[in-house]
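Those letters in the sequence shown? Residues -41 to -1, 1 to 607, per mature numbering (1 follows the signal peptide of the UniProt record, and there is no 0), in order.
Simulated from the structure, these hints should not be mistaken for laboratory data.
Careful, some of the hints might be misleading.
[What the hints assert, rightly or not] Computed Cβ-Cβ distance ranges for the label pairs, DEER-style:
hint : residue 1 : residue 2 : range
1    : N200      : E564      : 52 to 58 Å
2    : A183      : Q142      : 31 to 37 Å
3    : A490      : N169      : 55 to 61 Å
4    : G288      : S223      : 32 to 38 Å
5    : N169      : Q263      : 34 to 40 Å
6    : N484      : N247      : 46 to 52 Å
7    : N308      : D164      : 39 to 45 Å
8    : Q263      : P344      : 19 to 25 Å
9    : A490      : P530      : 19 to 25 Å
10   : A490      : Q263      : 47 to 53 Å
11   : Q466      : V14       : 46 to 52 Å
[To be verified] Straight-line distance between alpha carbons at most 27 Å, and here's what the computed DSS-like set of lysine-lysine pairs gives:
hint : residue 1 : residue 2
12   : K300      : K199
13   : K155      : K92
14   : K346      : K265
15   : K265      : K199
16   : K313      : K155
17   : K300      : K346
18   : K141      : K115
19   : K313      : K300
20   : K265      : K300
21   : K494      : K480
22   : K141      : K92
23   : K292      : K346
24   : K115      : K147
25   : K199      : K141
26   : K16       : K59
27   : K115      : K155
28   : K115      : K92
29   : K147      : K300
30   : K292      : K313
31   : K59       : K92
32   : K292      : K265
Just so you know, even glycine gets a beta-carbon here, dropped at the ideal spot from N, CA and C.
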Amino acid sequence: MTPPPSRCTALGAPRARVSSPLARSRFLLRLLLQLVWTAAASQGHPKSGPRISAVWKGHAGQDHVDFGSTEPHTVLFHEPGSSSVWVGGRNRVYVFDFSKGRNASVRTVNIGSTKGSCRDKQDCGNYITLLEKQNEGLLACGTNVNNSVEFLGERKGYAPFSPDENSLVLFDGDEVYSTIRKQEYNGKIPRFRRIKGEIELYTSDTVMQNPQFIKATIVHQDQAYDDKIYYFFREDNPDKNPEAPLNVSRVAQLCRGDQGGESSLSVSKWNTFLKAMLVCSDAATNRNFNRLQDVFLLPDPNGQWKDTRVYGVFSNPWNYSAVCVYSLGDIDKVFCTSSLKGYHSSLPNPRPGKCLPDRQPIPTETFQVADSHPEVVQRVEPMGPLKTPLFHSKYHYQKVVVHRMHASNGETFHVLYLTTGEGKAVSPPVLVFNILEIQPFRHAAAIQAISLDADRRKLYVNSQWEVSQVPLDLCEVYTGGCHGCLMARDPYCGWYQDRCVSIYSSQEPVLQSISPVEPHKGCPNPKPEQAPLQKVSLAQNSRYYLSCPMESRHATYSWRHENSVEQSCEPSHQSPSCILFIENLTDLHYGHYYCEAQEDSYLREAQHWELLREDSAMTSQLLGHACTVATSLWLGVLPTLILGLLVH
C-alpha cells in the first residue's frame, strides 16, 4: 500500500516578525561549519583557506540544545528577532527557546504517521519537510501525516513523498508555487507549478532536463504586472560532447501574472518561461565551476530590486568551490534583450518572456517560439569588471548566507557564512579574506540546516543531534593581544581596554583595522608581545620535540636556534602544529629556540624555549623518562601528520 499524499498541520504561531520564505533543497553535508566573510568584489585570493580554526564551545544549555534522539532529516525555521527556533524532524516538531540562558527550553509537538498505509516500518516515519509562517500559525507539512493537532487537511504539492526528494515550495501571499509531484507515481518529469492562486500552471515537460532545484524567489518590480518569479537550478547538459560538463547551472524566469495561453496546448502552462546559463569561471586558472550548490539573495538596502545581489556557491568535478555574485538587474536584462538559442527568425511581438499588463493571455505564436526555444543566447555573468568569481577555494562549500554589516568606522561589509568550507571571509574594497573556521557543535557533526538572524546577530545551525546558536561576533577566539585582534581583520571585532571585544559590546569607539595591508600597525605598541620563556632540562642522547601550534593558517612558522632556521612550516602544512624533532640531543642542541610566525609583514614570536643540560647524576633516570615521554607525545602527533599526508 502506498503512502497518502502529504498533509499539513497548523501549529501555534511563533512570536516575532514574519521571515521571508526559505526555499528548501536537500544537500550533502560534511563535518564543519566554516565561516567566510567578504567585503568587496575581489577576483580570488591565494589565501582562500581559513586563517583561524576554532571550536565554538558556547555555554551548555544556553547555546547548544540536544534533540534527545537522532534526526536524519530536518528542516529549520527561525523568525528574525525571535529567540525561538523550530526544527521539523521525524514525527515531531521541536521548539527551542534560547532566551532562558542555561535553562533553554525544549518543546515537541508530535505529528504521527498513518501506520495503516505504510509498506514497511521505514515508510511509517512522517518526516517534516516544510515549516512556514501562515496566518493560521506555523504550517508544518510532512511526508505522511495523520490528522493530529489542528489538522488542515490534504494539501498536495506541499511536501514530497520522500525526505530525500529534491523539491522547492515558495509562498507569496495567498499564492503557493511548488516543484513537488501531486501523486507519488505521477511521472518522473519535474515541473515548476503554481498550486494555489488564480490559475494553476505548470512548466512544459521539455524545457528542463532532469532539473535539481536550488532556490526560488519572487521579485516585485516597479510595475506590478512586471513582477517575476526567478528560480535557480542545475540540469543535465544538452551538449553531449565528452569534454563538456555533465551539468549546467541555470536561472529561469516566469511572470508572476502569467495567465496561461490561448490554445489548448498552452492554457495550463507557463507561457513566459525562459532560462539562462549562470557562468562562474576563472580565466586566470582556467577553472570552470558549473555545478550550482546554493543561492542566497541579499536585498539592496535602498529597496532597489535591480541591485539585489545573488550569491551563488558552485563546485566542479574535483569538488573545488567558488562563490560568484550576480545582480538581479543583470539577470533581468539578459532575459529582456537576448535572442533565443537556436532560433534564427525575427522574434514575435510580444517577445517571449515579456510580462503583459491587464492579465492578457500570451499569444499562441509567442508561446510556441518560447516553448521550443526556452534558452536565451546571452549568459548571466558575475558582477565586476573581470566577470570572475568573488573567490575560489580547494574546499567544498555547499551552503551560504550573507550578512551586511557596518564596522565601527561606518564602512559596509558583506560577511559570508559558508557550510562545509573553510571560514568567514570579509571583503574590503581590494580583498577577499578568509578569516575563521568554526566547529559549531559540541561533537563534530554534519550541518543539516543554517539560518541567519541579522537582527539578533546570531547564526542558527543544526546537526542530526543538536541545535546551536552561534554569535556572529566570535572575538574571543583571537589571541595575541592587540596585534592578533587586528590581524584577524574581523569587522565584528576590535581592541578595547586590553581585550579583543565585539564592536556591539562597547559604547565607546574600539580600535579596528580591516586594512588588507599591515592592520597590526594600528596598535599603540608597534611590536607584538614576546612569548614567555619556557625551560626544560634534558639529558644528552635523548629524543625530544618542540611543538608550535599554527594558530594562523596564513602564516609561515619557523623554529630558529642560534640564528639558524631549523624547521619551517608553510601555510599549506597539513599538521595543526609546526614540529621540530630532535632525534639525538648533543651539546649543539642546547640553548634557546624561538618559534616565529611570519604573516606578510607581521612577525611575532609564538614560543620561546630554552633546552638545558641535565647534570650527569640524573642522566640515566631522565634519559629513559625523556625518551618515553617524548616518544609517546610524538606518536600522538603521528596520526595527524599521516592524515595530512593522505589528504594532501
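Verification of the supplied hints:
Evaluation of the 52 to 58 Å hint for N200 and E564 yields a pass: the beta carbon distance comes to about 56 Å. Here the CB-CB span from A183 to Q142 is close to 34 Å, well matched to the stated 31 to 37 Å. A beta carbon spacing of about 58 Å between A490 and N169 agrees with the range 55 to 61 Å that was offered as a hint. With their beta carbons about 37 Å apart, G288 and S223 fall inside the hinted range of 32 to 38 Å.
At roughly 36 Å, the beta-carbon separation of N169 and Q263 lies within the given 34 to 40 Å, and the hint holds. About 47 Å separates the C-beta atoms of N484 and N247, a value consistent with the hinted range of 46 to 52 Å. Distance hint check for N308 and D164: the Cβ-Cβ separation is about 27 Å, which falls outside the suggested range of 39 to 45 Å. Between Q263 and P344 the beta carbons are some 21 Å apart, a value that agrees with the proposed interval 19 to 25 Å.
A beta carbon spacing of about 20 Å between A490 and P530 agrees with the range 19 to 25 Å that was offered as a hint. The hint said 47 to 53 Å for the Cβ distance between A490 and Q263, and at roughly 51 Å that hint holds. Between Q466 and V14 the CB atoms are about 31 Å apart, so this pair departs from the stated range of 46 to 52 Å. At most 27 Å may separate the alpha-carbon atoms for a hinted pair to count; K300 and K199 meet this at roughly 16 Å.
With a C-alpha separation of about 16 Å, the suggested pair K155 and K92 falls inside the 27 Å cut-off, and the hint holds. Taking the CA atoms of K346 and K265, the gap is about 18 Å. The hint holds against a cut of 27 Å. A C-alpha spacing of about 35 Å is found between K265 and K199, which places the hinted pair above 27 Å, so the restraint is violated. At roughly 23 Å between alpha-carbon atoms, K313 and K155 fall within 27 Å of each other, so this suggested pair holds.
Our distance criterion of 27 Å between C-alpha atoms is met by K300 and K346, whose separation comes to about 22 Å. About 5 Å separates the Cα atoms of K141 and K115, which keeps this hinted pair within 27 Å; it holds. Taken as a hint, the K313 and K300 pair is honoured in the structure, with Cα atoms around 17 Å apart against an allowance of 27 Å. At most 27 Å may separate the alpha-carbon atoms for a hinted pair to count; K265 and K300 meet this at roughly 25 Å.
Between K494 and K480 the CA atoms are separated by roughly 31 Å; this puts the pair beyond 27 Å, and the hint is violated. The hinted pair formed by K141 and K92 meets the criterion: a straight-line CA distance of about 22 Å does not exceed 27 Å. Our distance criterion of 27 Å between C-alpha atoms is met by K292 and K346, whose separation comes to about 16 Å. In summary, the hint linking K115 to K147 is supported, as the alpha carbons are separated by about 16 Å, within the 27 Å threshold.
A threshold of 27 Å between alpha carbons decides the hint, and for K199 with K141 the separation of about 32 Å lies outside it, so the pair is violated. Of the pairs offered as hints, the one joining K16 and K59 holds, with about 18 Å between alpha carbons and a cut-off of 27 Å not exceeded. The straight-line distance between the Cα atoms of K115 and K155 is roughly 10 Å, inside the 27 Å bound, and the hint therefore holds. This hinted pair checks out: K115 and K92 have alpha carbons roughly 18 Å apart, not beyond 27 Å.
With a C-alpha separation of about 26 Å, the suggested pair K147 and K300 falls inside the 27 Å cut-off, and the hint holds. Pair hint K292 plus K313 holds up; C-alpha atoms about 12 Å apart against a cutoff of 27 Å. With a C-alpha separation of about 23 Å, the suggested pair K59 and K92 falls inside the 27 Å cut-off, and the hint holds. Note on K292 and K265: the hinted pairing holds, with a Cα-Cα distance of about 10 Å set against a maximum of 27 Å.
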